[in-house]
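Undergrad: Residues per chain, in single letters:
Protein chains: 2
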Amino acid sequence: MSVKILLEESEIPRQWYNLAADLPTPMQPPLGPDGKPISPEMLAPVFPMNIIEQEVSQERWINIPEEILEILYRWRPTPLRRAFFLEKALGTPARIYYKDESVSPPGSHKPNTAVAQAWYNKQFGIKRITTETGAGQWGSALSFACCLLGLECKVYMVRISFDQKPFRRLMMETWGGKCIPSPSTETNAGRAILEQDPDTPGSLGIAISEAVEDAVTDETKQTRYSLGSVLNHVMLHQTIIGLEAKKQLAKIGEKKVDIVIGCAGGGSNYAGLSFPFMADKIAGADITIIPTEPTSCPTMTRGPFAYDFGDTAGMTPLLPMYSLGHTFVPPPIHAGGLRYHGIAPLVSQSIIEGLATPRAVHQTECYEAAVLFARTEGVIPAPETSHAIAAAIQEANKAKEEGKEKVILFNFSGHGLMDLVGYEKFFAGRLQDYPLPEELLNKSLLALKDLPKPKVAKSGRW
Amino acid sequence: MSVKILLEESEIPRQWYNLAADLPTPMQPPLGPDGKPISPEMLAPVFPMNIIEQEVSQERWINIPEEILEILYRWRPTPLRRAFFLEKALGTPARIYYKDESVSPPGSHKPNTAVAQAWYNKQFGIKRITTETGAGQWGSALSFACCLLGLECKVYMVRISFDQKPFRRLMMETWGGKCIPSPSTETNAGRAILEQDPDTPGSLGIAISEAVEDAVTDETKQTRYSLGSVLNHVMLHQTIIGLEAKKQLAKIGEKKVDIVIGCAGGGSNYAGLSFPFMADKIAGADITIIPTEPTSCPTMTRGPFAYDFGDTAGMTPLLPMYSLGHTFVPPPIHAGGLRYHGIAPLVSQSIIEGLATPRAVHQTECYEAAVLFARTEGVIPAPETSHAIAAAIQEANKAKEEGKEKVILFNFSGHGLMDLVGYEKFFAGRLQDYPLPEELLNKSLLALKDLPKPKVAKSGRW
Numbered sequence: 009m010s011v012k013i014l015l016e017e018s019e020i021p022r023q024w025y026n027l028a029a030d031l032p033t034p035m036q037p038p039l040g041p042d043g044k045p046i047s048p049e050m051l052a053p054v055f056p057m058n059i060i061e062q063e064v065s066q067e068r069w070i071n072i073p074e075e076i077l078e079i080l081y082r083w084r085p086t087p088l089r090r091a092f093f094l095e096k097a098l099g100t101p102a103r104i105y106y107k108d109e110s111v112s113p114p115g116s117h118k119p120n121t122a123v124a125q126a127w128y129n130k131q132f133g134i135k136r137i138t139t140e141t142g143a144g145q146w147g148s149a150l151s152f153a154c155c156l157l158g159l160e161c162k163v164y165m166v167r168i169s170f171d172q173k174p175f176r177r178l179m180m181e182t183w184g185g186k187c188i189p190s191p192s193t194e195t196n197a198g199r200a201i202l203e204q205d206p207d208t209p210g211s212l213g214i215a216i217s218e219a220v221e222d223a224v225t226d227e228t229k230q231t232r233y234s235l236g237s238v239l240n241h242v243m244l245h246q247t248i249i250g251l252e253a254k255k256q257l258a259k260i261g262e263k264k265v266d267i268v269i270g271c272a273g274g275g276s277n278y279a280g281l282s283f284p285f286m287a288d289k290i291a292g293a294d295i296t297i298i299p300t301e302p303t304s305c306p307t308m309t310r311g312p313f314a315y316d317f318g319d320t321a322g323m324t325p326l327l328p329m330y331s332l333g334h335t336f337v338p339p340p341i342h343a344g345g346l347r348y349h350g351i352a353p354l355v356s357q358s359i360i361e362g363l364a365t366p367r368a369v370h371q372t373e374c375y376e377a378a379v380l381f382a383r384t385e386g387v388i389p390a391p392e393t394s395h396a397i398a399a400a401i402q403e404a405n406k407a408k409e410e411g412k413e414k415v416i417l418f419n420f421s422g423h424g425l426m427d428l429v430g431y432e433k434f435f436a437g438r439l440q441d442y443p444l445p446e447e448l449l450n451k452s453l454l455a456l457k458d459l460p461k462p463k464v465a466k467s468g469r470w
Numbered sequence: 009m010s011v012k013i014l015l016e017e018s019e020i021p022r023q024w025y026n027l028a029a030d031l032p033t034p035m036q037p038p039l040g041p042d043g044k045p046i047s048p049e050m051l052a053p054v055f056p057m058n059i060i061e062q063e064v065s066q067e068r069w070i071n072i073p074e075e076i077l078e079i080l081y082r083w084r085p086t087p088l089r090r091a092f093f094l095e096k097a098l099g100t101p102a103r104i105y106y107k108d109e110s111v112s113p114p115g116s117h118k119p120n121t122a123v124a125q126a127w128y129n130k131q132f133g134i135k136r137i138t139t140e141t142g143a144g145q146w147g148s149a150l151s152f153a154c155c156l157l158g159l160e161c162k163v164y165m166v167r168i169s170f171d172q173k174p175f176r177r178l179m180m181e182t183w184g185g186k187c188i189p190s191p192s193t194e195t196n197a198g199r200a201i202l203e204q205d206p207d208t209p210g211s212l213g214i215a216i217s218e219a220v221e222d223a224v225t226d227e228t229k230q231t232r233y234s235l236g237s238v239l240n241h242v243m244l245h246q247t248i249i250g251l252e253a254k255k256q257l258a259k260i261g262e263k264k265v266d267i268v269i270g271c272a273g274g275g276s277n278y279a280g281l282s283f284p285f286m287a288d289k290i291a292g293a294d295i296t297i298i299p300t301e302p303t304s305c306p307t308m309t310r311g312p313f314a315y316d317f318g319d320t321a322g323m324t325p326l327l328p329m330y331s332l333g334h335t336f337v338p339p340p341i342h343a344g345g346l347r348y349h350g351i352a353p354l355v356s357q358s359i360i361e362g363l364a365t366p367r368a369v370h371q372t373e374c375y376e377a378a379v380l381f382a383r384t385e386g387v388i389p390a391p392e393t394s395h396a397i398a399a400a401i402q403e404a405n406k407a408k409e410e411g412k413e414k415v416i417l418f419n420f421s422g423h424g425l426m427d428l429v430g431y432e433k434f435f436a437g438r439l440q441d442y443p444l445p446e447e448l449l450n451k452s453l454l455a456l457k458d459l460p461k462p463k464v465a466k467s468g469r470w
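Order-wise, the sequence lines are chains A and B. Each step along the first sequence adds one to the number in our numbering, with nothing skipped, and position 66 is 74. Each step along the second sequence adds one to the number in our numbering, with nothing skipped, and position 263 is 271.
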């Protein structure tokens with residue numbers, strides 16, 4: 009059998025899958041500062057209305073516009089790969105498959121939603137999109153998408169990453185995006201922070217505040233803001249990953265998947281792969297679904313299910329999600345994309361239901377897994393992706409112990425060519441596992457006490 | 009029509025094409041220090057005999073071992089892409105296609121021969137391979153190949169690149185290769201240089217000397233040296249590129265290619281794409297074949313056809329090739345892979361025959377082409393590759409002027425994600441076109457006078 013399973017362009021999924029339609033308990037709404045549900049109209053200065061409609065949609069299937077597919081065809085359908093060489097190295101009876109999202113020009117799954125969001129903004133007459141980026145994967149994906157669609161793109165990049173990761177910024181600029189360090193002097197939010205602390209390294213929370221302010225204060229009303237994870241419409245756009253994977257497994261006669269794994273920061277690549285399989289699980293299939301996260305930022309495994317802000321400054325609506333508290337600052341692990349205090353509401357609700365079983369993994373175990381993967385499968389993983397690989401290896405070893413021929417599927421969310429510094433530290437023996445900063449966490453969790461509480465609504469079916 | 013034309017694994021070419029079998033005048037042999045032809049046996053301490061046999065083979069078609077194909081399947085067949093968006097931006101009636109060799113895990117065409125060479129070495133009982141690398145593309149490809157085949161790999165990397173490009177070194181180390189700066193204290197050649205000049209930035213010539221010395225002085229006789237370009241067997245292994253492209257063009261009914269373009273440093277990616285089309289030209293087809301090079305290192309457009317050394321120190325056999333003289337040091341353009349004084353003997357002889365028409369392009373024109381390409385096609389090119397893109401754009405513009413529907417094919421030899429510094433300089437307006445250092449060139453060419461002269465043998469058919 010082949011190491012890679014391909015689909016023809018004609019076989020690409022033509023609809024996205026919306027998990028909200030199938031969850032046994034309905035999603036709880038985002039809340040405003042007054043504790044009342046946010047209406048679609050209230051979001052209109054931030055997002056275009058066609059995207060807001062997707063955000064609140066209860067439709068199970070949503071058509072993918074042909075013009076979006078035309079752009080996705082540049083790298084989609086992506087290969088599903090059989091990890092023969094990793095299997096052999098592990099001596100496992102498990103069959104391990106991975107969906108290779110690293111083949112997009114920006115090198116990750118992020119363009120799946122960047123292209124869709126840019127297209128919907130353009131349809132709505134928007135000329136310019138703002139966003140924030142931490143390590144730079146999202147900023148480069150949105151710059152890429154805006155470039156292909158002829159939109160302006162402005163990225164507020166956390167200052168410390170801006171200084172330390174010039175190559176991500178250069179990717180954005182090569183695609184015509186404008187990338188500036190945050191906090192900047194271009195927004196009230198940025199200026200206020202700089203006045204207090206001119207040498208601040210910045211944070212994702214500050215960068216979100218700046219990008220949102222930039223969008224809503226544009227007097228021409230032709231600018232909107234874009235978010236690369238967490239929200240329902242982002243999860244939706246990523247489901248093309250899992251829908252393709254199902255077709256690919258069917259193509260080679262692989263009838264049943266036992267375990268589905270994805271790393272989860274905001275949750276989008278994990279949701280993209282797993283939600284179509286979760287639909288099968290809701291319909292009765294026996295599938296174990298594992299979102300993996302860093303032990304040093306254990307949102308799903310340690311956080312409560314709470315209403316919390318999406319940003320540090322508390323400017324966004326309150327979202328019902330697992331959260332470590334919006335002031336929690338995770339230790340500086342290399343998987344920057346997983347250093348987020350919350351997780352997507354859809355991911356959260358499916359965990360409440362018992363549809364998924366989160367798992368936390370230590371940084372050094374992840375790098376060990378990443379190096380084994382690079383030396384067997386040949387592709388160098390992003391630090392975020394290594395969390396999925398580590399869990400897949402744990403499951404493959406368990407299958408070996410049990411002598412079971414399990415089928416394991418994980419998402420290879422991105423390559424690590426822009427993030428090799430962590431590997432250097434690993435090889436030099438300078439990579440560490442950070443203990444969870446318990447005191448900081450407790451302080452951060454305290455702040456949740458004053459916020460509204462979501463219902464822990466659970467059907468009890470799983 | 010689709011933006012990408014794919015082949016099934018079952019459609020992969022199963023033989024390499026050897027241009028030597030079809031050139032109307034026979035290739036002239038490499039010469040030893042005494043001016044006499046080098047025999048295969050004399051090369052035995054440097055290369056395994058199965059590779060030496062390929063080097064001197066006159067067979068037109070050479071079977072690709074199944075085990076090599078099994079490794080190539082990880083990323084091959086590579087896509088052929090129609091550059092619709094670039095065409096549109098140029099407003100050209102030409103149809104532009106590019107073969108995308110950037111999809112290999114190391115990001116370039118280099119693994120095509122790295123895997124083959126590592127496999128033949130392993131077959132011959134070799135346990136360890138040495139090589140040199142400049143910018144790092146070849147070193148990372150050979151590390152990758154050795155890793156997959158379980159061989160040790162030692163890379164002597166030019167010191168200035170070793171210091172300036174830590175990420176390429178980290179790629180090699182992630183694949184288990186050992187990479188050290190050259191000159192090193194591990195060889196006589198390295199120690200001698202360091203004694204003279206402890207602060208030397210190193211050079212490709214020095215690194216070749218060290219890698220060869222390392223291989224031939226291994227007392228266990230289980231080490232050999234590997235070269236990533238120039239030699240006949242390297243060109244051979246790369247012809248899979250052009251053979252695939254021909255199948256892909258046939259698949260979409262594109263009956264005739266008018267222009268074939270590749271950038272050429274040592275010549276391997278250019279030869280890989282063009283040689284199978286050159287076979288058609290030899291058989292009577294009307295095809296224009298254009299190897300492109302930097303104006304600041306104009307080997308093919310300014311150099312004489314001469315016998316010259318492959319390395320700066322004059323340790324290799326003399327090869328019949330276009331050369332600027334082995335002491336020529338090209339200006340520090342960003343396309344490090346094109347900063348070589350010579351060009352493959354097979355490429356040279358086909359130019360003598362009139363089968364190919366070399367062209368030199370300035371650095372800034374190349375970066376303009378690269379940015380236009382990134383912003384239309386979406387993929388960021390390597391600086392070397394931008395030389396092929398620039399020539400393709402020149403030809404597309406010419407087709408527009410002439411109002412002709414020409415078919416242009418070029419090789420997208422690698423992505424630029426590891427080489428974004430040149431883009432930064434370009435955007436900042438700090439990128440320059442270097443004048444050819446005429447005095448240096450004249451001095452370098454003088455040294456050729458004392459070496460044997462090849463016959464300028466020419467059939468006169470083109």
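If you are wondering where the hints come from, they were derived from the structure by calculation, not from laboratory data. One or more hints might be untrue.
A pair holds if it fits inside one copy or across any two, identical chains being indistinguishable in the list.
Said to hold, decoys possible - Below 35 Å or equal to it, Euclidean Cα-Cα: the simulated DSBU-like pairs (lysine-lysine) are:
1) Lys12 x Lys408
2) Lys408 x Lys457
3) Lys255 x Lys433
4) Lys255 x Lys457
5) Lys264 x Lys412
6) Lys414 x Lys229
7) Lys186 x Lys408
Undergrad: Each of the hints needs a verdict: does it hold here or not?
TA: Going through the hints against the structure:
1. Taking identical chains as interchangeable, the C-alpha atoms of Lys12 and Lys408 lie at most 35 Å apart only when both belong to the same chain, with a minimum of 23 Å there against 40 Å between chains.
2. With identical chains, the CA atoms of Lys408 and Lys457 are never at most 35 Å apart, being 45 Å at best within one copy and 68 Å at best between copies.
3. In this homomeric assembly, Lys255 and Lys433 never come within 35 Å of each other (Cα to Cα): the closest approach is 39 Å inside a single copy and 45 Å across copies.
4. In this assembly of identical chains, Lys255 and Lys457 lie within 35 Å of each other by CA distance neither inside one copy nor across copies; the values are 45 Å within and 66 Å between.
5. In this homomeric assembly, Lys264 and Lys412 come within 35 Å of each other (Cα to Cα) only inside a single copy, at 14 Å, whereas the closest approach across copies is 54 Å.
6. Neither within a single protomer nor between protomers do Lys414 and Lys229 lie at most 35 Å apart by alpha-carbon distance, with minima of 53 Å and 45 Å respectively.
7. Proximity of Lys186 and Lys408 under a CA criterion of 35 Å is satisfied inter-copy only: 33 Å between copies versus 50 Å inside one chain copy.
Hint check: violations occur at hints 2, 3, 4, 6; the rest are consistent with the structure.
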